[in-house]
Amino acid sequence: MDTTTIKNNFRSEEYQINMGPQHPATHGVLRLLLTIDGEIIKKVEPDLGYIHRSIEKMCERDSYQQIVHLTDRMDYLSSHINNEAVCLTVENALQVEVPERVKVIRTIIAELTRIASHTLWWGVMGMDVGALTTYFYGFRDREMINDIFEETCGARLTMNYNIPGGLMFDIHPNFVKRTKEFIAHFKTKLPEYDLLLTGNVIFQKRMKGIGILSKEDAISFGASGPVGRASGYSCDVRKHHSYSAYDKVNFKEILKTEGDTFARYQVRILEMWESLSIIEQLIDNIPEGDFFAKTNTVIKLPEGEFYEKVETARGELGVYIISTGTKNPYRMKFRSPGFSNLSLLNHIAVGGKIGDLVATMATLDLVIPDIDR
Amino acid sequence: MNITKNIHEWLFSLMPEATASIVEMVLIAVVYLAIFAVAGLYLVLLERRVAAWFQLRLGPNRVGYQGLLQTMADALKLVSKELTVTIKADKFLYNLAPYFVIVTALMALSLFPFSKEFQAFDINIGIFFLTSISSIGVIGILLAGWSSNNKFALIGAMRSGVQTISYELSVGLSLLTMVLMTGSLQLSQIVEVQKGGWLIVQGHIPAIIAFCIYMIAGTAETNRAPFDLVEAESELGAGFHTEYSGMKFAYFFLAEFINMFIIAAIATTVFFGAYLSPFGITDNIPLLGVFWFLAKTLVLIFLMMWFRWTFPRLRIDQLLVLEWKYLLPLNLLNLVIMALIVLLKLTIHF
Numbered sequence: 001m002d003t004t005t006i007k008n009n010f011r012s013e014e015y016q017i018n019m020g021p022q023h024p025a026t027h028g029v030l031r032l033l034l035t036i037d038g039e040i041i042k043k044v045e046p047d048l049g050y051i052h053r054s055i056e057k058m059c060e061r062d063s064y065q066q067i068v069h070l071t072d073r074m075d076y077l078s079s080h081i082n083n084e085a086v087c088l089t090v091e092n093a094l095q096v097e098v099p100e101r102v103k104v105i106r107t108i109i110a111e112l113t114r115i116a117s118h119t120l121w122w123g124v125m126g127m128d129v130g131a132l133t134t135y136f137y138g139f140r141d142r143e144m145i146n147d148i149f150e151e152t153c154g155a156r157l158t159m160n161y162n163i164p165g166g167l168m169f170d171i172h173p174n175f176v177k178r179t180k181e182f183i184a185h186f187k188t189k190l191p192e193y194d195l196l197l198t199g200n201v202i203f204q205k206r207m208k209g210i211g212i213l214s215k216e217d218a219i220s221f222g223a224s225g226p227v228g229r230a231s232g233y234s235c236d237v238r239k240h241h242s243y244s245a246y247d248k249v250n251f252k253e254i255l256k257t258e259g260d261t262f263a264r265y266q267v268r269i270l271e272m273w274e275s276l277s278i279i280e281q282l283i284d285n286i287p288e289g290d291f292f293a294k295t296n297t298v299i300k301l302p303e304g305e306f307y308e309k310v311e312t313a314r315g316e317l318g319v320y321i322i323s324t325g326t327k328n329p330y331r332m333k334f335r336s337p338g339f340s341n342l343s344l345l346n347h348i349a350v351g352g353k354i355g356d357l358v359a360t361m362a363t364l365d366l367v368i369p370d371i372d373r
Numbered sequence: 374m375n376i377t378k379n380i381h382e383w384l385f386s387l388m389p390e391a392t393a394s395i396v397e398m399v400l401i402a403v404v405y406l407a408i409f410a411v412a413g414l415y416l417v418l419l420e421r422r423v424a425a426w427f428q429l430r431l432g433p434n435r436v437g438y439q440g441l442l443q444t445m446a447d448a449l450k451l452v453s454k455e456l457t458v459t460i461k462a463d464k465f466l467y468n469l470a471p472y473f474v475i476v477t478a479l480m481a482l483s484l485f486p487f488s489k490e491f492q493a494f495d496i497n498i499g500i501f502f503l504t505s506i507s508s509i510g511v512i513g514i515l516l517a518g519w520s521s522n523n524k525f526a527l528i529g530a531m532r533s534g535v536q537t538i539s540y541e542l543s544v545g546l547s548l549l550t551m552v553l554m555t556g557s558l559q560l561s562q563i564v565e566v567q568k569g570g571w572l573i574v575q576g577h578i579p580a581i582i583a584f585c586i587y588m589i590a591g592t593a594e595t596n597r598a599p600f601d602l603v604e605a606e607s608e609l610g611a612g613f614h615t616e617y618s619g620m621k622f623a624y625f626f627l628a629e630f631i632n633m634f635i636i637a638a639i640a641t642t643v644f645f646g647a648y649l650s651p652f653g654i655t656d657n658i659p660l661l662g663v664f665w666f667l668a669k670t671l672v673l674i675f676l677m678m679w680f681r682w683t684f685p686r687l688r689i690d691q692l693l694v695l696e697w698k699y700l701l702p703l704n705l706l707n708l709v710i711m712a713l714i715v716l717l718k719l720t721i722h723f
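Residue numbers (our numbering), protein chains in the order written: chain A, 1 to 373; chain B, 374 to 723.
Worth flagging that the hints you see were computed from the coordinates, not collected in a lab.
C-beta: ideal position from N, C-alpha, C; glycine also.
Take every hint as true, because none was put in to throw you off.
27 angstroms max Cα-Cα, derived DSSO-like pairs, lysine-lysine:
| id | chain 1 | residue 1 | chain 2 | residue 2 |
| --- | --- | --- | --- | --- |
| 1 | A | K353 | B | K698 |
| 2 | A | K43 | B | K524 |
| 3 | A | K215 | A | K309 |
| 4 | A | K208 | B | K698 |
| 5 | B | K524 | A | K7 |
| 6 | B | K524 | A | K42 |
| 7 | B | K698 | A | K205 |
| 8 | A | K353 | B | K524 |
Computed footprint of chain A on chain B; a stretch qualifies when at least three of its residues, placed anywhere within it, have a C-beta under 8 angstroms from a C-beta of chain A:
| id | stretch |
| --- | --- |
| 9 | 421–429 |
| 10 | 517–531 |
| 11 | 594–601 |
| 12 | 607–618 |
| 13 | 689–698 |
Use the sequences and the hints to build the structure in full.
If you want it as structure tokens, here you go:
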């Protein structure tokens, strides 16, 4: 046989495969249409909309107090921070000054939420690369945070603790004690994470040098949160556009320059240490006072456009409200971190293997209801 | 104390030779099937309890004392489930595939010297037979992946083919390294040689290297984590057995555990003196041989479970790099060193 016959007889063919909507690695109902050559990814096309609930449209129907609870259902792992984003937007539009106590409590709970979200991400991340044990270690520590939340606001996941103008209730008498217990506990457990997964040779070989995102691409794709910061893009809203009590605390913005999967992994692990330090700085100095500022029962925003952004566990969440002066928003739009982070998946996953795609996707830390809304 | 011999003589005195042989064969088959079922079911339970222990949970402990009946209940459930076949599957191959996997596993099991008398099948090519039998199992996996008409299953099957063919070399070569010391492939002979010290002690450094290579390659050959690319839950769903249900799935599942037992049992036989007790403390009580054999095997099985619940999974190219660039050259070098050691009589004897 000459070479052309061999080539014709033994040619490779690209094929398409549906990853999702039911697939263990997509962590929800995301469908990825993969074009693969053998094991090598040629193209990734995300197909969205499997859990679209028209949250933005529903917001136009509801009053501003009611909108808050809808945001719980977007990025359910940072529900408190989502609530905070809406409340901050409304408060800024009304020009209400919330008490210091509210600001500090919001910050503490937001950081606890961030830790809870990152521990869950860490557990699931390990599972995606095949280390099933991490899942339970992550959930053990997250459980303590959930218990604190449950005691304080009655809910473990969809908290709905913020209201425009403040908080729904004051913190539980045990809150400070249990939070301190958690900090002491987590400080001994976080090094275990490194022992179990970070230092593992197989894990490092799997993670390093894949899914590389350059700083330029991070900015042009609108990446935010740990994904952007792992590429050296300083995008921490807490630092650059301080809100709540973040201007009162010292914390580092974790920046890495490698931009690969391992950098994103490290950023999140180090962020947990920073969150711990933020909570430690605030937990002993919660100011006395009211836990809400007086607002009207029927909130009517002044006519105009309002935008506020916060840093959720996944990145920058923007809330954009157009008001015509009525008790409902005329238009409401969320800029969710997951959506822009997902958009760069095709860019960084092409050329890798199926295993690389799963690892890369895990470090983007996608929450599908956040993308679909 | 020679139970098997007594039964043998009793049977032959009772009926004509031809009938007696057939009855004896059936008896042996029944005993081994029972061992097979019990070993499979209780290894599943052991795996779940060990996993739970590693993962801060309790594991199954409700059905029966400490969950001892849990896997029985699971098996009953699987038996009662419908056997589904996808419309475009190749039905003949699809139904054939599980039997390849399970029958080869059962055949390999018949070779092990559980104690001096308790060995069904002692052929002079024992080690060779074991490695060749375990290679046939992969045909079942390939068939399952191919005939399911599912791309995830196909990827899993192809990975399995690549993986098993590569790691078989290491399994074979590391066992060959040890065979250099025994001078025989017959399992009973291999055990006899170890009366003067287990082979891992006799062969010291190269034997330990061979053992490490064998455990890595053996784990890879059974498709267990960190080499579980064939199933790769987070990548392929369930890999090659995605489309299987009910008892057909259970065959694959049980075969995985039996294969793990086989890999550990081979290691016990070749490296750790099979039924021989440490320092010969109980060698004059032959019945305890079974205990020592199982104890050693279970320790090795625990080691493999430890791997599984601690390590992340390798990527397919890393898997091949590990075999072809590191394990295989090291193995060949180790074989030469072992040959020199045997030639220069540097082995350790007690």
